[in-house]
Amino acid sequence: MPKLKTHKGAAKRFRTTASGKIKRGHSHARHILTKKSTKRKRGLDIDTIVSDGDIKRVQAMLPYGRD
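Be aware that the sequence shown starts at 1, since it is given in the working numbering, and climbs by one per residue.
Keep in mind that the hints were calculated from the coordinates and are not lab data. Honestly, I wouldn't trust all of these hints.
What the hints assert, rightly or not - Using 27 Å as the maximum straight-line C-alpha spacing, the simulated DSSO-like pairs for lysine-lysine come out as follows:
1) 8 - 23
2) 41 - 21
3) 3 - 41
4) 41 - 5
5) 12 - 23
6) 23 - 5
7) 56 - 21
8) 23 - 3
9) 56 - 23
10) 36 - 3
11) 8 - 36
12) 39 - 8
13) 56 - 39
14) 39 - 23
15) 5 - 56
16) 23 - 36
17) 23 - 41
18) 36 - 56
19) 56 - 12
As the list claims (entries may be wrong) - Cβ pair distances, simulated, as ranges:
20) 61 - 35: 15 to 25 Å
21) 5 - 33: 34 to 44 Å
22) 53 - 30: 39 to 49 Å
23) 54 - 4: 48 to 58 Å
Note that beta-carbon positions come from the ideal geometry of N, C-alpha and C, so glycine has one too.
All chains, please: the whole structure from these sequences, using the hints.
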């Protein structure tokens, strides 16, 4: 069976944790920040775990994981 290709866009956006979960960043944290509250911007800076409904889709794009 041939090797599977990693989806390069997904490889730049997701990381796997030591326990095998997949982390992602938040959107809306790059520009137009003046209208957003400090609390909101601070929350957007923290990575979170990919939701249960999206895990299979992300794992398909990252067949070999990412360090």
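Do the hints match the structure? See the list:
Taking the CA atoms of residue 8 and residue 23, the gap is about 16 Å. The hint holds against a cut of 27 Å. The hinted pair formed by residue 41 and residue 21 meets the criterion: a straight-line CA distance of about 24 Å does not exceed 27 Å. A C-alpha spacing of about 40 Å is found between residue 3 and residue 41, which places the hinted pair above 27 Å, so the restraint is violated. Our distance criterion of 27 Å between C-alpha atoms is broken by residue 41 and residue 5, whose separation comes to about 35 Å.
Of the supplied pair hints, the one linking residue 12 and residue 23 holds, its CA atoms being roughly 11 Å apart against a limit of 27 Å. For a cut-off of 27 Å, the pair hint linking residue 23 to residue 5 stands: about 20 Å separates their Cα positions. With a C-alpha separation of about 11 Å, the suggested pair residue 56 and residue 21 falls inside the 27 Å cut-off, and the hint holds. For the given pair, residue 23 sits about 24 Å from residue 3 by alpha-carbon distance, which is consistent with the 27 Å threshold.
Between residue 56 and residue 23 the CA atoms are separated by roughly 13 Å; this keeps the pair inside 27 Å, and the hint holds. For the given pair, residue 36 sits about 44 Å from residue 3 by alpha-carbon distance, which is inconsistent with the 27 Å threshold. For the hint linking residue 8 to residue 36, the alpha-carbon distance of about 31 Å lies beyond 27 Å, and the restraint is violated. Proposed proximity of residue 39 and residue 8 is contradicted: the alpha carbons are some 32 Å apart, above 27 Å.
Between residue 56 and residue 39 the CA atoms are separated by roughly 32 Å; this puts the pair beyond 27 Å, and the hint is violated. Distance check on the hinted pair: residue 39 and residue 23 sit about 21 Å apart at the alpha-carbon level, within 27 Å; holds. Distance restraint check for residue 5 and residue 56: the Cα-Cα separation of roughly 16 Å lies within the 27 Å cut-off, and the hinted pair is therefore satisfied. Note on residue 23 and residue 36: the hinted pairing holds, with a Cα-Cα distance of about 24 Å set against a maximum of 27 Å.
Between the alpha carbons of residue 23 and residue 41 the distance comes to roughly 18 Å, so the proposed pair stays at or under 27 Å and holds. Only pairs whose Cα atoms come within 27 Å are accepted, and residue 36 paired with residue 56 is rejected, the gap being roughly 33 Å. Distance restraint check for residue 56 and residue 12: the Cα-Cα separation of roughly 17 Å lies within the 27 Å cut-off, and the hinted pair is therefore satisfied. In this structure, residue 61 and residue 35 break the distance hint of 15 to 25 Å, their C-beta atoms being roughly 33 Å apart.
Range check, residue 5 to residue 33: Cβ separation about 36 Å, and the 34 to 44 Å hint holds. A C-beta distance of roughly 25 Å is found between residue 53 and residue 30, which places it outside the suggested range of 39 to 49 Å. The hinted range of 48 to 58 Å is not satisfied by residue 54 and residue 4, whose Cβ atoms lie roughly 19 Å apart.
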